[in-house]
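Novice: Residues per chain are reported as follows:
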Amino acid sequence: MTALGKLFRTTAFKLAVVYSIVFAAAASIVVFNVGRQVRIVLEDQIAETLDADIRGLADQYSQGGVQQLVQSIERRIRQPGGDIYLLTSFAGDPIVGNIATLPKGVLEQTSLIETIYQRPGESKATHHALARVFTLSGNYRLLVGHDVEELENLRRILRHALASSLGWLVLIGAVGGLLVARRVLMRVDAMSASATAIMGGDLAERLPVGGSGDELDRLAENLNAMLTRIETLLKGMKEVSDNIAHDLRTPLTRLRNNADAAMRELDPQAQKLSLGKVIEDADELIKIFDALLMIARAESGSGPKMELVDVTQTAADVAELYEAAAEERGVAFGSDIEQGLMVRGSRELIAQALSNLLDNGLKYGVPPAPGASASLRLSARRQGSMALIAVEDRGPGVPPEDRDRVLERFVRLEASRTLPGSGLGLSLVAAIARLHGGALKLEDNAPGLCAIVELPIASGPPQLAAPPRLEQLNVARAH
Amino acid sequence: MLSGLPFSMRRRYMSDMRLLVIEDDSDGAAYLVKAFREQGHVADHAADGIEGYARASEGDYDVLIVDRMLPKLDGLSLISSLRAQKIETPALILSALGQVDDRVKGLRAGGDDYLPKPYAFSELLARVEVLARRKGGANAQETHYHVADLELDRLSHKVSRAGKDIPLQPREFRLLEYLMRHAGQVVTRTMLLENVWDYHFDPQTNVIDVHISRLRGKIDKGHAVQLLHTIRGAGYMIRDGAR
Chain A
1 MTALGKLFRT
11 TAFKLAVVYS
21 IVFAAAASIV
31 VFNVGRQVRI
41 VLEDQIAETL
51 DADIRGLADQ
61 YSQGGVQQLV
71 QSIERRIRQP
81 GGDIYLLTSF
91 AGDPIVGNIA
101 TLPKGVLEQT
111 SLIETIYQRP
121 GESKATHHAL
131 ARVFTLSGNY
141 RLLVGHDVEE
151 LENLRRILRH
161 ALASSLGWLV
171 LIGAVGGLLV
181 ARRVLMRVDA
191 MSASATAIMG
201 GDLAERLPVG
211 GSGDELDRLA
221 ENLNAMLTRI
231 ETLLKGMKEV
241 SDNIAHDLRT
251 PLTRLRNNAD
261 AAMRELDPQA
271 QKLSLGKVIE
281 DADELIKIFD
291 ALLMIARAES
301 GSGPKMELVD
311 VTQTAADVAE
321 LYEAAAEERG
331 VAFGSDIEQG
341 LMVRGSRELI
351 AQALSNLLDN
361 GLKYGVPPAP
371 GASASLRLSA
381 RRQGSMALIA
391 VEDRGPGVPP
401 EDRDRVLERF
411 VRLEASRTLP
421 GSGLGLSLVA
431 AIARLHGGAL
441 KLEDNAPGLC
451 AIVELPIASG
461 PPQLAAPPRL
471 EQLNVARAH
Chain B
1 MLSGLPFSMR
11 RRYMSDMRLL
21 VIEDDSDGAA
31 YLVKAFREQG
41 HVADHAADGI
51 EGYARASEGD
61 YDVLIVDRML
71 PKLDGLSLIS
81 SLRAQKIETP
91 ALILSALGQV
101 DDRVKGLRAG
111 GDDYLPKPYA
121 FSELLARVEV
131 LARRKGGANA
141 QETHYHVADL
151 ELDRLSHKVS
161 RAGKDIPLQP
171 REFRLLEYLM
181 RHAGQVVTRT
191 MLLENVWDYH
201 FDPQTNVIDV
211 HISRLRGKID
221 KGHAVQLLHT
231 IRGAGYMIRD
241 GAR
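One line per chain: the protein sequences are A and B, in this order.
Per the numbering used here, the first sequence starts with residue 1, numbered consecutively.
Per the numbering used here, the second sequence starts with residue 1, numbered consecutively.
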């Protein structure tokens, strides 16, 4: 496409053309109306003059008869100007006047009329006049008129002015439109060039902002803000994938070494043992992948279907699931769960989050001091519009400076590195909390760790929850 | 692990299963067919959805093992089509999609069980055996279970061993109920977590083992014959060890 062709296609140019047409139409209407008004005023004036003239001549007739009337008319004819007169007898024969010919029937009209006439001595030229006919006693008819050549001239002048100014109007509109279009086009071209550079991979590039604060500037500013957000997200993603690459390398290397060892093992029994380790390593990797995938899904917001979840029931279920395991480990387990906590979300994911926190509590919540008794507590309560589900232990806790860091993927504190784990448990809990519009908070339990999952309480009535399954009813009957 | 089973049960449910593996990954399919045959089962293989549908509607199979993503006809459509033809052969869906919503979709399409990839073969085998037994006129409708002198009444919620009542917590009752419904069959930890607790995640703590050992304390303690057995590397089984 040529540069000119591009110009003709711009919105600004098209608008300029449309506006030129609209302006021209408006100007035409204005000029037409002015002409009409001027004409009406002039015609009124002429009509008044004619009436006065007729009244004067009628006075002459009643004072001095036809003779004085004829003298008056002849006197007036001699005066320069555009007035025309004609006096006819009862038979219709002209007695005196400065009109050579008139169209037929004009003398029978009684109101103000516009007519053509010819002057004496002019055989061809016709003139326009406004005239009025008055019948005197004795059936004399008197026509008094005024030539309207000036009126015609005025009309011509207005038409001419309109024609010439319309040309200018369209020309100025078109040129102005082109100039505006070119200016806008240049800025859009600059933005387009920046966008191409960004698509080419230069994410630091930004769209040019003119500084005038107009619509294009606002658009460019908004697009730039969007680009900054995308750049941040991409940086975050790159960091995560770098971390993943680094942290998966360790278990993958272990898997490879174990497979290698199994291959070189000669004793069948020992070989079987080594292969068992390989399977364990593979399972561990699968778990890491599953956890990563779940975190990614929860963070992208494409989680499972949200429904009304009875948090009271879920927390009690999970507490029951873990109680025996805690007691077996010599950990005193307690729970304090408020009734009627409803949350919109996924029962499975909330249970998984609580399960992760309890796993952590059992694994890391052992008091460092020998002889101190371990305890684990699961509580759920309402605070304002939030449901707070807390898991408290009496272990070494997490130092305040590390509390944000341990929520990141693969972060494990020095003290816990010797224990099995992937460093993804808390990340998943945090992601699940965020998916539900809540948060995971780590606090000091003095001593120990208090992990609190905050979830917004569902506003709907709890009756909306799915009816309990038949099996649950059976159990309830057993109480 | 099969040696101690009652003869009739082993014959019908443990060594006689006719299975159809519908899976496009030839390595994965070969591994499954070989593993099932080693267990004494008859296993056929179909490599795409259309072939799988044709074989499943003709052959008399006990269980279909259906991969979810198949060429020509996907696994869920295949199962829905079979169900529309009133072919009710139990189907287990294997899928790389392991999220809860995917599972719900699979079961809604007419699948009877759902196992995310990757899985341990022992897990798959245990689930397939449960499905095969369901096909062979399952005792899900029964109101009374008994294994040796252990009895469970589903209506009165009473459990007794050798005529002596054993008080159980509601959850323990459901755990025992599930184990006894599948007496003589291996029940894995994930099957218990799914069916007794209705959770599909994998706790890092051995919570199920602890619940089992408590239950064992209540039903086996003080009795010469142990009924609740741990199957190493697989799960648990209730069976009459005396026979």
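One thing to keep in mind: the hints can contain errors.
If you anchor each label on the Cβ, the simulated ranges turn out as follows [claimed, not checked]: (1) B:Arg216 to A:Glu280: 24 to 32 Å; (2) A:Arg405 to B:Lys158: 39 to 47 Å; (3) B:Val104 to A:Ser385: 38 to 46 Å; (4) B:Val104 to A:Met199: 34 to 42 Å; (5) B:Asp198 to A:Ala193: 52 to 60 Å; (6) B:Val104 to A:Asp283: 22 to 30 Å; (7) A:Gly330 to B:Val225: 26 to 34 Å; (8) A:Glu231 to B:Gly28: 27 to 35 Å; (9) A:Lys272 to B:Val225: 54 to 62 Å.
None of these hints come from the bench; they were simulated from the model.
Note that beta-carbon positions come from the ideal geometry of N, C-alpha and C, so glycine has one too.
Novice: Now, for every hint given, state plainly whether the structure supports it.
Specialist: These are the hints, each one checked on the structure:
no. : hint                             : in the structure
1   : B:Arg216 to A:Glu280: 24 to 32 Å : holds (26 Å)
2   : A:Arg405 to B:Lys158: 39 to 47 Å : violated (54 Å)
3   : B:Val104 to A:Ser385: 38 to 46 Å : violated (30 Å)
4   : B:Val104 to A:Met199: 34 to 42 Å : holds (40 Å)
5   : B:Asp198 to A:Ala193: 52 to 60 Å : holds (58 Å)
6   : B:Val104 to A:Asp283: 22 to 30 Å : holds (25 Å)
7   : A:Gly330 to B:Val225: 26 to 34 Å : holds (31 Å)
8   : A:Glu231 to B:Gly28: 27 to 35 Å  : violated (41 Å)
9   : A:Lys272 to B:Val225: 54 to 62 Å : violated (31 Å)
Violated hints, in rising order: 2, 3, 8 and 9; the structure is consistent with all others.
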